[in-house]
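The primary structure of each chain is shown beneath.
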Amino acid sequence: MRQSTKNYYLPAPSFWPAIAATALFLMFGGFAMALNQIGLGKPVMIAGGLVFVYLLRGWFSEVIKESISKVYNTQVDHSFRWGMGWFIFSEVMFFFGFFGALFYARNVSLHWLADAQLLWPGFVATWPSAGPKLVLEGHMAPWGLPAINTLLLLTSGATLTWAHWGLMKNNRNQLTIGLVLTIALGVAFLTLQAHEYAEAAFTIKSGIYGATFYMLTGFHGLHVTMGAIMLTIILLRVRSGHFDAHNHFGFEAVAWYWHFVDVVWLFLFIFVYWL
Amino acid sequence: MSTATAKHHDDHGHDSHGHPTGLMRWVKSTNHKDIGTMYLWFAFTMFLFAGAMAMGIRAELFQPGLQFFQPQVFNQLTTLHGLIMIFGAIMPAFVGFANWQVPLMIGAPDMAFPRLNNMSFWLLIPAALLLVTSIFVPGGAVAGGWTMYPPLAIQGGLSMDMSIFALHILGVSSIVGSINIITTIFNMRAPGMTLMKMPMFVWTWLITAYLLIAAMPVLAGALTMMITDRHFGTHFFNAAGGGDPVLFQHVFWFFGHPEVYIMILPAFGILSTIIPTFARKPLFGYTSMVYATTAIAVLSFVVWAHHMFTTGMPVAGQLFFMYSTMLISVPTGVKVFNWVATMWKGSITFETPMLFAVAVVFLFTIGGLSGLVLAILPVDIQLQDTYYVVAHFHYVLFSGAAMSIMGGVYYWIPKWTGHMYDETLGKWHFWLTTIAFNVTFFPMHFTGLAGMPRRIPDYSQQFAEFNMISSYGAFVLGLSQLLFLYVVIKCIKGGAKASASPWEGAHGLEWTVPSPAPFHTFETPPVVK
Numbered sequence: 062m063r064q065s066t067k068n069y070y071l072p073a074p075s076f077w078p079a080i081a082a083t084a085l086f087l088m089f090g091g092f093a094m095a096l097n098q099i100g101l102g103k104p105v106m107i108a109g110g111l112v113f114v115y116l117l118r119g120w121f122s123e124v125i126k127e128s129i130s131k132v133y134n135t136q137v138d139h140s141f142r143w144g145m146g147w148f149i150f151s152e153v154m155f156f157f158g159f160f161g162a163l164f165y166a167r168n169v170s171l172h173w174l175a176d177a178q179l180l181w182p183g184f185v186a187t188w189p190s191a192g193p194k195l196v197l198e199g200h201m202a203p204w205g206l207p208a209i210n211t212l213l214l215l216t217s218g219a220t221l222t223w224a225h226w227g228l229m230k231n232n233r234n235q236l237t238i239g240l241v242l243t244i245a246l247g248v249a250f251l252t253l254q255a256h257e258y259a260e261a262a263f264t265i266k267s268g269i270y271g272a273t274f275y276m277l278t279g280f281h282g283l284h285v286t287m288g289a290i291m292l293t294i295i296l297l298r299v300r301s302g303h304f305d306a307h308n309h310f311g312f313e314a315v316a317w318y319w320h321f322v323d324v325v326w327l328f329l330f331i332f333v334y335w336l
Numbered sequence: 315m316s317t318a319t320a321k322h323h324d325d326h327g328h329d330s331h332g333h334p335t336g337l338m339r340w341v342k343s344t345n346h347k348d349i350g351t352m353y354l355w356f357a358f359t360m361f362l363f364a365g366a367m368a369m370g371i372r373a374e375l376f377q378p379g380l381q382f383f384q385p386q387v388f389n390q391l392t393t394l395h396g397l398i399m400i401f402g403a404i405m406p407a408f409v410g411f412a413n414w415q416v417p418l419m420i421g422a423p424d425m426a427f428p429r430l431n432n433m434s435f436w437l438l439i440p441a442a443l444l445l446v447t448s449i450f451v452p453g454g455a456v457a458g459g460w461t462m463y464p465p466l467a468i469q470g471g472l473s474m475d476m477s478i479f480a481l482h483i484l485g486v487s488s489i490v491g492s493i494n495i496i497t498t499i500f501n502m503r504a505p506g507m508t509l510m511k512m513p514m515f516v517w518t519w520l521i522t523a524y525l526l527i528a529a530m531p532v533l534a535g536a537l538t539m540m541i542t543d544r545h546f547g548t549h550f551f552n553a554a555g556g557g558d559p560v561l562f563q564h565v566f567w568f569f570g571h572p573e574v575y576i577m578i579l580p581a582f583g584i585l586s587t588i589i590p591t592f593a594r595k596p597l598f599g600y601t602s603m604v605y606a607t608t609a610i611a612v613l614s615f616v617v618w619a620h621h622m623f624t625t626g627m628p629v630a631g632q633l634f635f636m637y638s639t640m641l642i643s644v645p646t647g648v649k650v651f652n653w654v655a656t657m658w659k660g661s662i663t664f665e666t667p668m669l670f671a672v673a674v675v676f677l678f679t680i681g682g683l684s685g686l687v688l689a690i691l692p693v694d695i696q697l698q699d700t701y702y703v704v705a706h707f708h709y710v711l712f713s714g715a716a717m718s719i720m721g722g723v724y725y726w727i728p729k730w731t732g733h734m735y736d737e738t739l740g741k742w743h744f745w746l747t748t749i750a751f752n753v754t755f756f757p758m759h760f761t762g763l764a765g766m767p768r769r770i771p772d773y774s775q776q777f778a779e780f781n782m783i784s785s786y787g788a789f790v791l792g793l794s795q796l797l798f799l800y801v802v803i804k805c806i807k808g809g810a811k812a813s814a815s816p817w818e819g820a821h822g823l824e825w826t827v828p829s830p831a832p833f834h835t836f837e838t839p840p841v842v843k
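In order, the protein sequences belong to chains G and E. Heads up: the first sequence is residues 62 to 336, going by this note's numbering. Heads up: the second sequence is residues 315 to 843, going by this note's numbering.
Some clues are possibly wrong.
[What the hints assert, rightly or not] Which bits of chain E does chain G cover? Going by a derived footprint, with three or more residues having C-beta under 8 Å, they are: (1) 437-449; (2) 522-530; (3) 600-608.
[Claimed, not checked] Listed next, the in silico PhoX-like pairs over lysine-lysine satisfying Cα-Cα at most 25 Å (straight line): (4) LYS126/G x LYS342/E; (5) LYS843/E x LYS595/E; (6) LYS741/E x LYS811/E; (7) LYS659/E x LYS67/G; (8) LYS741/E x LYS843/E; (9) LYS131/G x LYS194/G; (10) LYS659/E x LYS595/E; (11) LYS131/G x LYS811/E; (12) LYS511/E x LYS811/E.
[Claimed, not checked] Chain G stretches covered by chain E per the calculated footprint, using a threshold of three residues with CB under 8 Å from any CB of chain E: (13) 67-77; (14) 107-114; (15) 133-140; (16) 189-200; (17) 223-229; (18) 321-333.
Just so you know, the hints here were simulated from the structure itself, not pulled from any lab data. Source: prediction; values computed, not measured. In this text, a Cβ means the ideal position worked out from N, Cα and C, and glycines have one as well.
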């Protein structure tokens, strides 16, 4: 490394971006083939997935190594903060699109469908609905598992903040226990969510209700899964003695992400389960 | 505007500092200039490719009746032409400019995340491969129009999935690239360069990057719903299950209208750089320009349904979207007046970049005005999906965005290559492009007003003359771009040496470094006063 910590760290030429492009090409190309019953699709997709895992492991290890060897100055740290903030904003917009679809279906298009009475006479706009041609077998009530799940995720936000306090006070025990608790709560949430899916009387094919329900909760669950994996990596890093009271943006980035996933759940609970 | 009083302490011959050469220089690059170059070449390649498709379209439309292509193939040509021009040519070209110019203009050593920067570029390759190879799969390429409306898009074959995933990948590329650009602009400016001292080009890209981060995820959502509707039995866009095909249009255009500004704001930035240089006057109304750009960005999120006036919206909705759309012409007008006022009483010279800039101000305004016409609800209901719309968006996208890109290339190519381009050939390229462009697209206003529908390979006899004129124009327009290619290559290979600041009236940090710009610049930040 010729750069001193005084200057902004500029990384050496790297193969990772090209590997990322390869991984995405294989994953998406394979997926497109698999969706169209082309035999080669699945193996290509799996190969892409393996390259992707290799990529994440390799690229993040490199960044972690750089971080430990203190080549990042304060300005680089600020870049990471800006970058993570805008990344979360892009995720907010991703969910915004699905919430918009839910709002439109419930409050606009179903009513028009009922008002028109041309194609499907007698159709009444209610919510939940699977539309005029399908039958909806039940829906999710908010005050059972979903309420417990809300409690679990909110608590996990608190335990994560408690872990952060531990880190800032240099209390490694508190940090570790907080992280373990947070991950446990996240896994508990996912288990209950899986149970809810297994018990559900309707599927993603159950009209607009099933579609919006599974799309929104499914993508949220995927984000919780990613968050839990990231927290586990942070836990392993803590066990290896990474981070100190002042230098721990890796921890904070994951914490931001976790809180974001938390907030999305609150909106889900209100608009998908409750109202 | 910042004055370029900065000193730079760089170029101690870092160029060969253990950096790979040959192909690996590009594959593994973490250098904003190399990555910018790759973006620009990629965009140019796609521009020629999608331009060849457009010439195929115009060959078919040269005369009424079916000459060369079956309707299905014709639909594939129009669809891919649109998708590739937007996502493969215009957007990557602007990102190429951002890569080259933003760090140079704000005095940063590179982009904030150089490796992610390279990833943003290399993701374009799988996306382009998926789009282009979809032509050869059974059933042919996507043929439902670049907007991919259901239910047609639900029925497409393998190529539809490939295109959807190509757009997913392009979305990732755009979001990562935009996060990089925003972070660079907020965090990497040279000491003393406050936000209100930033060059206008940097401002427009800041806003564009914000629009991209806000809009691209929504497109990803729409495409994801499309995939699940196609393969996993959801009913988002199927009324039988309580969904609505119009829902796709809402979500798509919530992305699609900001996308329009994503493709024009950087062009505004380029104009705001070129015009002051050759008018030899500072940009008129810099502050109002910044606010106008911001206002356009805000408004761009509340006008989307003007693309959908004929879908059967309630009158209240139609009126809202009509007025909000017309409102956009206010900040856009501010910009046009500012450019004109910048030229007013300036000592103007008309080098190629300035020719392009002046032409864009004039022609973009025509496109803007036809947009205003289309915003008027009763008129739009008449003109929806006619060639008037085709004329409108080519006036904003070709003579707005693409010609700004050309002007920008002529303006900055001395900095990129260290050589002056051939002024005579540049002027030839300009006049051929401008005249052929108008010959191609101006008659479309007339055919459109007379009711000729877009995306149809055949037409009524009455439109024959205007279509033939359009086709002649299109062939000249397409072939003139080969001249552009020649001028660029000639400039890279040689030509008069360019000084650090080859334009007499140019200001800004990029003109304080030598031409060609050294591999590393501003490793120690300059101080802006």
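Here's how the hints hold up against the structure:
Closer than 8 Å: that is the beta-carbon criterion, and the stretch 437-449 of chain E has 5 residues meeting it against chain G, so the requirement of 3 holds. Counting residues of the stretch 522-530 of chain E whose C-beta sits closer than 8 Å to any C-beta of chain G gives 4, which meets the bar of three, so the coverage hint holds. For the stretch 600-608 of chain E, the stated coverage by chain G is not satisfied: 0 residues place a CB nearer than 8 Å to a CB of that chain, which falls below the threshold of 3. This hinted pair checks out: LYS126/G and LYS342/E have alpha carbons roughly 19 Å apart, not beyond 25 Å.
With a C-alpha separation of about 19 Å, the suggested pairing of LYS843/E with LYS595/E holds against the 25 Å cut-off. Simply put, LYS741/E and LYS811/E have alpha-carbon atoms about 19 Å apart, close enough for the 25 Å limit, and the pair holds. Proposed proximity of LYS659/E and LYS67/G is contradicted: the alpha carbons are some 47 Å apart, above 25 Å. The straight-line distance between the Cα atoms of LYS741/E and LYS843/E is roughly 37 Å, outside the 25 Å bound, and the hint therefore fails.
Using a Cα cut-off of 25 Å, the hinted pair LYS131/G and LYS194/G is violated, with the two alpha carbons roughly 62 Å apart. Between LYS659/E and LYS595/E the alpha-carbon distance is near 9 Å, which keeps this suggested pair within the 25 Å criterion. The hinted pair formed by LYS131/G and LYS811/E fails the criterion: a straight-line CA distance of about 42 Å is larger than 25 Å. Among the hinted pairs, LYS511/E with LYS811/E is inconsistent with the structure: their alpha-carbon atoms are about 30 Å apart, more than 25 Å.
Evaluation of the coverage hint for the stretch 67-77 of chain G: fulfilled, as 9 residues show C-beta separations to chain E shorter than 8 Å, against a requirement of three. Coverage of the stretch 107-114 of chain G by chain E is violated in this model, with 0 residues showing a Cβ closer than 8 Å to a Cβ of that chain against a need of three. By the rule of at least three residues with a Cβ nearer than 8 Å to a Cβ of chain E, the coverage given for the stretch 133-140 of chain G holds, with 3 such residues. Closer than 8 Å: that is the beta-carbon criterion, and the stretch 189-200 of chain G has 6 residues meeting it against chain E, so the requirement of 3 holds.
Counting residues of the stretch 223-229 of chain G whose CB lies closer than 8 Å to any CB of chain E gives 0, which falls below the minimum of 3, so the coverage claim is violated. Requiring three or more residues with a Cβ within less than 8 Å of a Cβ of chain E, the coverage given for the stretch 321-333 of chain G is violated, as only 0 such residues are present.
The structure shown violates the earlier hints numbered 3, 7, 8, 9, 11, 12, 14, 17 and 18.
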